[in-house]
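Place chain B on chain A using the hints.
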Amino acid sequence: MAGVDIKQLYKSFGKTEVLTGIDLGIRDGEFVSFLGPSGCGKTTLLRSIAGLEEVSGGSVRLGARIITQLPPAKRDIAMVFQNYALYPHMNVYKNLSFGLSLNGVPKAEIEERVQTASRILQISDLLKRRPRQLSGGQRQRVAIGRAIVRDPKLFLLDEPLSNLDAGLRVSMRVELASLHRRLGVTMIYVTHDQVEAMTLSSRVVVLNKGAVAQFGTPLELFYAPQNLFVAGFIGSPKMNMMKVNANAINEMSIALTSESISGSISFQLSTPVQQVPDQPHIFGIRPENVGLVEEANSHMSGNVELVERLGTESQVHVRLDSGQGLTAVTRGTHPVNMGDRVHLNFPAEHCHLFSPEGEAYPRKLDGETRSLIERQETAALCIA
Amino acid sequence: MSTLVVQDEASEERHRFIEKLTPYLFISPWILGFLFFTLGPLIFSFIMSFYDWPVVGERTFVGLQNYEVMLTEDPLFWDSLWITVKFGLFFVPFNVILGLLLAVLLNQKVFGTGVFRTIFYLPSVISGVALVTIWAWIYSHEYGILNFLLGLAGIEGPNWLGDPNWSLLAIVIASLWGLGGTMLILLTGLQSIPKELYEAAKMSDVPAWARLIYITIPMLSPMLLFTVITSIISAFQQLTIALLLTGGGPLESTYFFAMYIYDNAFKYFEMGFAAANSWVMFLIILVLSMLVLKSSSAWVYYEGEMKNSEAADA
Chain A
1 MAGVDIKQLY KSFGKTEVLT GIDLGIRDGE FVSFLGPSGC GKTTLLRSIA GLEEVSGGSV
61 RLGARIITQL PPAKRDIAMV FQNYALYPHM NVYKNLSFGL SLNGVPKAEI EERVQTASRI
121 LQISDLLKRR PRQLSGGQRQ RVAIGRAIVR DPKLFLLDEP LSNLDAGLRV SMRVELASLH
181 RRLGVTMIYV THDQVEAMTL SSRVVVLNKG AVAQFGTPLE LFYAPQNLFV AGFIGSPKMN
241 MMKVNANAIN EMSIALTSES ISGSISFQLS TPVQQVPDQP HIFGIRPENV GLVEEANSHM
301 SGNVELVERL GTESQVHVRL DSGQGLTAVT RGTHPVNMGD RVHLNFPAEH CHLFSPEGEA
361 YPRKLDGETR SLIERQETAA LCIA
Chain B
385 MSTLVVQDEA SEERHRFIEK LTPYLFISPW ILGFLFFTLG PLIFSFIMSF YDWPVVGERT
445 FVGLQNYEVM LTEDPLFWDS LWITVKFGLF FVPFNVILGL LLAVLLNQKV FGTGVFRTIF
505 YLPSVISGVA LVTIWAWIYS HEYGILNFLL GLAGIEGPNW LGDPNWSLLA IVIASLWGLG
565 GTMLILLTGL QSIPKELYEA AKMSDVPAWA RLIYITIPML SPMLLFTVIT SIISAFQQLT
625 IALLLTGGGP LESTYFFAMY IYDNAFKYFE MGFAAANSWV MFLIILVLSM LVLKSSSAWV
685 YYEGEMKNSE AADA
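Protein chains in written order, with our numbering: chain A, 1 to 384; chain B, 385 to 698.
Simulated from the structure, these hints should not be mistaken for lab results. Quick caveat: nothing in here was measured; it's all calculated off a predicted structure. A virtual CB, placed ideally from N, CA and C, is assigned to each residue, including glycine. Take the hints with a grain of salt, since some may be wrong.
Dumping the calculated DSBU-like pairs for lysine-lysine here, alpha-carbon to alpha-carbon at most 35 Å [said to hold, decoys possible]:
{"no.": "1", "chain 1": "B", "residue 1": "Lys579", "chain 2": "A", "residue 2": "Lys364"}
{"no.": "2", "chain 1": "A", "residue 1": "Lys7", "chain 2": "B", "residue 2": "Lys586"}
{"no.": "3", "chain 1": "A", "residue 1": "Lys94", "chain 2": "A", "residue 2": "Lys74"}
{"no.": "4", "chain 1": "A", "residue 1": "Lys107", "chain 2": "B", "residue 2": "Lys678"}
{"no.": "5", "chain 1": "B", "residue 1": "Lys586", "chain 2": "A", "residue 2": "Lys209"}
{"no.": "6", "chain 1": "B", "residue 1": "Lys470", "chain 2": "A", "residue 2": "Lys94"}
{"no.": "7", "chain 1": "A", "residue 1": "Lys7", "chain 2": "B", "residue 2": "Lys470"}
{"no.": "8", "chain 1": "A", "residue 1": "Lys7", "chain 2": "A", "residue 2": "Lys238"}
{"no.": "9", "chain 1": "A", "residue 1": "Lys107", "chain 2": "B", "residue 2": "Lys586"}
{"no.": "10", "chain 1": "B", "residue 1": "Lys579", "chain 2": "A", "residue 2": "Lys153"}
{"no.": "11", "chain 1": "A", "residue 1": "Lys74", "chain 2": "B", "residue 2": "Lys586"}
{"no.": "12", "chain 1": "B", "residue 1": "Lys493", "chain 2": "A", "residue 2": "Lys209"}
{"no.": "13", "chain 1": "A", "residue 1": "Lys74", "chain 2": "A", "residue 2": "Lys107"}
{"no.": "14", "chain 1": "B", "residue 1": "Lys579", "chain 2": "B", "residue 2": "Lys678"}
{"no.": "15", "chain 1": "B", "residue 1": "Lys404", "chain 2": "A", "residue 2": "Lys128"}
{"no.": "16", "chain 1": "A", "residue 1": "Lys94", "chain 2": "B", "residue 2": "Lys493"}
{"no.": "17", "chain 1": "B", "residue 1": "Lys493", "chain 2": "A", "residue 2": "Lys15"}
{"no.": "18", "chain 1": "B", "residue 1": "Lys470", "chain 2": "A", "residue 2": "Lys15"}
{"no.": "19", "chain 1": "B", "residue 1": "Lys470", "chain 2": "A", "residue 2": "Lys107"}
{"no.": "20", "chain 1": "A", "residue 1": "Lys128", "chain 2": "B", "residue 2": "Lys678"}
{"no.": "21", "chain 1": "B", "residue 1": "Lys493", "chain 2": "A", "residue 2": "Lys74"}
{"no.": "22", "chain 1": "A", "residue 1": "Lys209", "chain 2": "B", "residue 2": "Lys678"}
{"no.": "23", "chain 1": "A", "residue 1": "Lys74", "chain 2": "B", "residue 2": "Lys678"}
{"no.": "24", "chain 1": "B", "residue 1": "Lys678", "chain 2": "B", "residue 2": "Lys470"}
{"no.": "25", "chain 1": "A", "residue 1": "Lys128", "chain 2": "B", "residue 2": "Lys470"}
{"no.": "26", "chain 1": "A", "residue 1": "Lys364", "chain 2": "A", "residue 2": "Lys128"}
{"no.": "27", "chain 1": "B", "residue 1": "Lys678", "chain 2": "A", "residue 2": "Lys7"}
{"no.": "28", "chain 1": "B", "residue 1": "Lys586", "chain 2": "B", "residue 2": "Lys470"}
{"no.": "29", "chain 1": "A", "residue 1": "Lys243", "chain 2": "A", "residue 2": "Lys209"}
{"no.": "30", "chain 1": "B", "residue 1": "Lys678", "chain 2": "A", "residue 2": "Lys15"}
{"no.": "31", "chain 1": "A", "residue 1": "Lys153", "chain 2": "B", "residue 2": "Lys493"}
{"no.": "32", "chain 1": "B", "residue 1": "Lys470", "chain 2": "A", "residue 2": "Lys243"}
{"no.": "33", "chain 1": "A", "residue 1": "Lys94", "chain 2": "A", "residue 2": "Lys15"}
{"no.": "34", "chain 1": "A", "residue 1": "Lys153", "chain 2": "B", "residue 2": "Lys678"}
Taking beta-carbon pairs under 7 Å as the criterion, some of the chain A residues facing chain B (in silico) [stated by the list, open to error]:
{"no.": "35", "residue": "Leu52"}
{"no.": "36", "residue": "Gln69"}
{"no.": "37", "residue": "Leu70"}
{"no.": "38", "residue": "Pro72"}
{"no.": "39", "residue": "Ala73"}
{"no.": "40", "residue": "Tyr93"}
So that you can see chain A by itself, here it is in the shape it has in the complex (with noise of 0.2 Å):
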């Protein structure tokens, strides 16, 4: 078992550069995500630390041993397909044991490691199926099986449940949450479905444009968003966002107005800033943070657009006066009707505030959000 260390990679295909310089400390045994939309390059990071894709720069170490020259075969690594890769013409027990037994591995203890692999998956009576005969879930367990076999320091995965149905999915999640923990071994997981990276994940990697945008524990990720990206990725619906002027109080606290808000809101920060530039900065609030209140407590007044009903919670889209778009999550069974008239307010502990880079100011936290995520944070360092 070993952590990763990834120094100033860079990968570019031709002129598009795919990678631009990432820096990454995974530790021992530890689960994390790369997390993403399409095209921000966390498969490509993922097939660079296999070995599949040769890097353009940096280095790639694994446990003590730089393995950023290395073929793929000599990293101690193994890899789960998105689409399985199982080998078709093979039944399930030979399609575990094909690389060992061309390695020379003695037979007993390649009948040894297939038996506790296919134990571990339940997959011992599909042992002499091909892959053909098995069903979605079945051919995802065969393909972690082969890397299980082959018992590496490293377990990549490459979106391995993106081909289940949802409900498959989400007990496939379950599953490979209690393999990480039996096995103990570090693993990297790319998704990008951010319910997946949250649930797994010790820590996750939010990547954008092949850059890191923020590398945290999932809560941090949610309540302290570095930028504007990670602010917008994570979380369902969105951040609300919109622009507001910024005027420093004092070091630890700053004003916000807009003419969306009535009045003004202090927002409250966790460590001091020295200055705040004279530009219209980003104001953000999560949509589960706005409630619907009576007029004379509100900041804001709009008329509702549209409701979403789920069972669970209504989400609420207004246009405020002002024509700015926001949304609101309120509880499922709230009489609020498409056309009303809504008076909206927010907490300003639950307001994110971003410069006009895109750059968060760091938020005062309250003590229980602060406690939960130290406490995620004490749980993905004592795997190391």
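Frame of chain A, contents of chain B only:
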């Protein structure tokens, strides 16, 4: 009122008939061609094979006599058949194996692959006569480029087309020039193999030779089966190159079965006998193809197929 209904029904029926006929009209050029130029002559030649059928003169029904004479009295039949089999024993494996190796080489991602693919396919589009003329120059004992090159290496080249020990090999080599077609089929097959299979193999430290044997060849096996069968057929039908390059000689060392048929038909004008020869050739090809097909269940893997035992297991 009732007549109107009847009329309506009649016109609807006509309409339906035309609708059914339309697709057949569209494929009629092919059907007619097949009937008149393939199936017709096929049946006709079968009937001919039971006749003494000179081009000019009386045709007499002789029953199985043509077949009897061929199998028992005419040594040329067995000689030419043996030469053809020998040719096939060289040609089929070389054609398939070299075609596969070329396809694997040309499937590599290297600079100028497209150019190389074109170059290797080019001989396949050259007409037979031109090809033979080129090879006649290449093989020329005194002035041929092949013996010239061998001479540079210090080897005294044989009389390729004049020495009965070398003439058959010369024809095998010349006919392998057309392996571009085989290569193309296999290349297409190679490109349809998912590249993740190779990546997965690379990750599991499977060496290149094992990737070829355990992944490429099984995944390619339906195409290999196809090329083996078409190679067998073309080996048995080999005529142009031998006819024009050696004329069957020297000492009938390249007297192929197809040439035997050709001579009986167009030199001796024994149409009935030649028809019987053709049917024997057809039967031989049929049996060989069926044997290969039968063996295929052991070595050909089809994506869509499920064996009975597997189905029961599932």
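Against the structure, the hints come out as follows:
1. Lys579/B - Lys364/A: Roughly 50 Å between the alpha carbons, so the hint for Lys579/B and Lys364/A is violated.
2. Lys7/A - Lys586/B: holds, 24 Å
3. Lys94/A - Lys74/A: holds, 22 Å
4. Lys107/A - Lys678/B: holds, 33 Å
5. Lys586/B - Lys209/A: holds, 28 Å
6. Lys470/B - Lys94/A: Cα-Cα ~39 Å, so violated.
7. Lys7/A - Lys470/B: Given that 35 Å is the threshold and the Cα spacing comes to 63 Å, the pair is violated.
8. Lys7/A - Lys238/A: Answer holds: Lys7/A to Lys238/A is near 32 Å, not above 35 Å.
9. Lys107/A - Lys586/B: Distance ~21 Å between Lys107/A and Lys586/B Cα, so the pair holds.
10. Lys579/B - Lys153/A: holds, 24 Å
11. Lys74/A - Lys586/B: Status holds; Cα separation ~10 Å.
12. Lys493/B - Lys209/A: holds, 27 Å
13. Lys74/A - Lys107/A: holds, 22 Å
14. Lys579/B - Lys678/B: holds, 30 Å
15. Lys404/B - Lys128/A: violated, 49 Å
16. Lys94/A - Lys493/B: Status holds; Cα separation ~29 Å.
17. Lys493/B - Lys15/A: holds, 19 Å
18. Lys470/B - Lys15/A: It is violated: about 56 Å lies between the C-alpha atoms, which goes past 35 Å.
19. Lys470/B - Lys107/A: Answer violated: Lys470/B to Lys107/A is near 43 Å, above 35 Å.
20. Lys128/A - Lys678/B: holds, 24 Å
21. Lys493/B - Lys74/A: Since the Cα atoms of Lys493/B and Lys74/A sit roughly 23 Å apart, the hinted pair holds (cutoff 35 Å).
22. Lys209/A - Lys678/B: violated, 55 Å
23. Lys74/A - Lys678/B: violated, 42 Å
24. Lys678/B - Lys470/B: The given pair, whose Cα atoms are some 22 Å apart, holds under the 35 Å limit.
25. Lys128/A - Lys470/B: violated, 42 Å
26. Lys364/A - Lys128/A: violated, 58 Å
27. Lys678/B - Lys7/A: Measuring from Cα to Cα gives roughly 58 Å; hence the hint is violated.
28. Lys586/B - Lys470/B: The given pair, whose Cα atoms are some 41 Å apart, is violated under the 35 Å limit.
29. Lys243/A - Lys209/A: holds, 24 Å
30. Lys678/B - Lys15/A: Since the Cα atoms of Lys678/B and Lys15/A sit roughly 53 Å apart, the hinted pair is violated (cutoff 35 Å).
31. Lys153/A - Lys493/B: holds, 31 Å
32. Lys470/B - Lys243/A: violated, 86 Å
33. Lys94/A - Lys15/A: Measuring from Cα to Cα gives roughly 41 Å; hence the hint is violated.
34. Lys153/A - Lys678/B: Status violated; Cα separation ~47 Å.
35. Leu52: holds, 5 Å
36. Gln69: violated, 15 Å
37. Leu70: Violated: closest Cβ of chain B sits about 11 Å from Leu70/A, beyond 7 Å.
38. Pro72: holds, 5 Å
39. Ala73: holds, 3 Å
40. Tyr93: violated, 13 Å
The structure shown violates the earlier hints numbered 1, 6, 7, 15, 18, 19, 22, 23, 25, 26, 27, 28, 30, 32, 33, 34, 36, 37, 40.
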